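Undergrad: Sequence:
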Amino acid sequence: MHADTEHEAWLILLRTPMLGGAGLRALLARAGSSTALLTRLRRAPPEGLPAVARAWLHAPDAARIDADLHWLRQPEQRLLTCLDADFPPQLDACPGAPAALFVRGDAARLLLPQLAIVGARAATPEGLAHARRFAAQLGAAGLTISSGLAAGIDGAAHTGALHSAGGTVAVVGTGCDVVYPARHRELAARIVVHGAVVSAFPPATTARAAHFPMRNRVLAGLALGVLVVEAGQRSGALITAHAGTTLGREVFAVPGSIANPLARGCHRLIREGAQLVESAEEIIDALRTSIAAQGLRLSARLGEDADVSAASATTAAPDGDAARWLDALGHAPVALETLALRLDQPVAAAAAALGLLELDGRVARTAGGLWQRLPD
1 MHADTEHEAW LILLRTPMLG GAGLRALLAR AGSSTALLTR LRRAPPEGLP AVARAWLHAP
61 DAARIDADLH WLRQPEQRLL TCLDADFPPQ LDACPGAPAA LFVRGDAARL LLPQLAIVGA
121 RAATPEGLAH ARRFAAQLGA AGLTISSGLA AGIDGAAHTG ALHSAGGTVA VVGTGCDVVY
181 PARHRELAAR IVVHGAVVSA FPPATTARAA HFPMRNRVLA GLALGVLVVE AGQRSGALIT
241 AHAGTTLGRE VFAVPGSIAN PLARGCHRLI REGAQLVESA EEIIDALRTS IAAQGLRLSA
301 RLGEDADVSA ASATTAAPDG DAARWLDALG HAPVALETLA LRLDQPVAAA AAALGLLELD
361 GRVARTAGGL WQRLPD
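First residue of the sequence shown? That's 1 in full-length UniProt numbering, and the numbers climb one at a time after it.
Source of the hints: derived by calculation from the structure; they are not laboratory data. Everything numeric in this text was worked out from a predicted model, so none of it was measured. By construction, the Cβ of each residue, glycine as well, lies at the ideal position given by its N, Cα and C atoms. Wrong hints could be hidden among the right ones.
Stated by the list, open to error - The calculated label-pair distances, taken between Cβ atoms and stated as ranges, are:
{"#": "1", "residue 1": "A26", "residue 2": "R190", "range": "47 to 53 Å"}
{"#": "2", "residue 1": "H331", "residue 2": "R40", "range": "49 to 55 Å"}
{"#": "3", "residue 1": "P255", "residue 2": "A151", "range": "18 to 24 Å"}
{"#": "4", "residue 1": "A323", "residue 2": "R234", "range": "49 to 55 Å"}
{"#": "5", "residue 1": "R73", "residue 2": "Q372", "range": "31 to 37 Å"}
{"#": "6", "residue 1": "A51", "residue 2": "D84", "range": "28 to 34 Å"}
{"#": "7", "residue 1": "A29", "residue 2": "S257", "range": "46 to 52 Å"}
With the hints as constraints, model all of the structure from the sequences given.
TA: And the structure:
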């Protein structure tokens, strides 16, 4: 089927009022494709589907859908759906997860182990320095740093990660083509080059308060853990942290002075069971089991055997699948897609395996985004 036809059906469904990610996922499970589901909904809409949704399904805004399709035709811009093999499995397993994501940049980044770093918008200079330092060190160790592109800690985390091989992912509460706050326009452009900007909302969606809870859930769902650096008692960062707890993610918090009001949210999280951390090494050690589990989930989605490259890459012995990936990598920098072709494996499998080998200190990403084997 022509890609535009399938995309058009997806876009109509995603913009259908009051349908929602969970409802759309349930309907897709029975219909099998977006075009089949759209045809079924138009012919025999389920009872309880609101009149406004039925009206949209029969007469969607053609100009809006055409604009969406034009956006998708641009380089490095993609609609990543829950029916795609490389949809992030860690998000796929989250209750209420969106049925699709709009991505600007490298969608394969979403398959690599991520840590979300969040915190106060009106952060102190010390807090901003902590966020940059943690992001740079964790990125150098192989974790992709994700955050929400907000002012303060979010921006500092993205900036710190951009100086590392790990790169960064911005999960936004607007369309991917809308930068909020506007002063982060240049930062967003750099993130597209060295990572990805991701949204559950279609292009041209403006900032609305009701969208940020979904942004926070996606941010927590994509990551293996959430690190909070400075947060007031009512900070939005605490919402992301609590979403992470609900989803079974590790939650970390940086302690601060009792005289700093922005330390109170972190201290509250620590009292509630978050791990107090002072170094990047503590976070990496705490996430090793989660990293291996993510590799297994990805392999299961790709229909591979349980003893897969992503899992074996966590072992210290240079044999099995880990050695196979290293041998295919050779000793010259290689693009992810090239390596996948060498072993006749999906790009998603290559991303998972290399991400774990990177955390093990056996491969690294170059400044140009290529992968290189490190000396033993």
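Undergrad: Among all the numbered hints in the text so far, which are the ones the structure does not match?
TA: The structure conflicts with hint 1 only, although it agrees with all the remaining ones.
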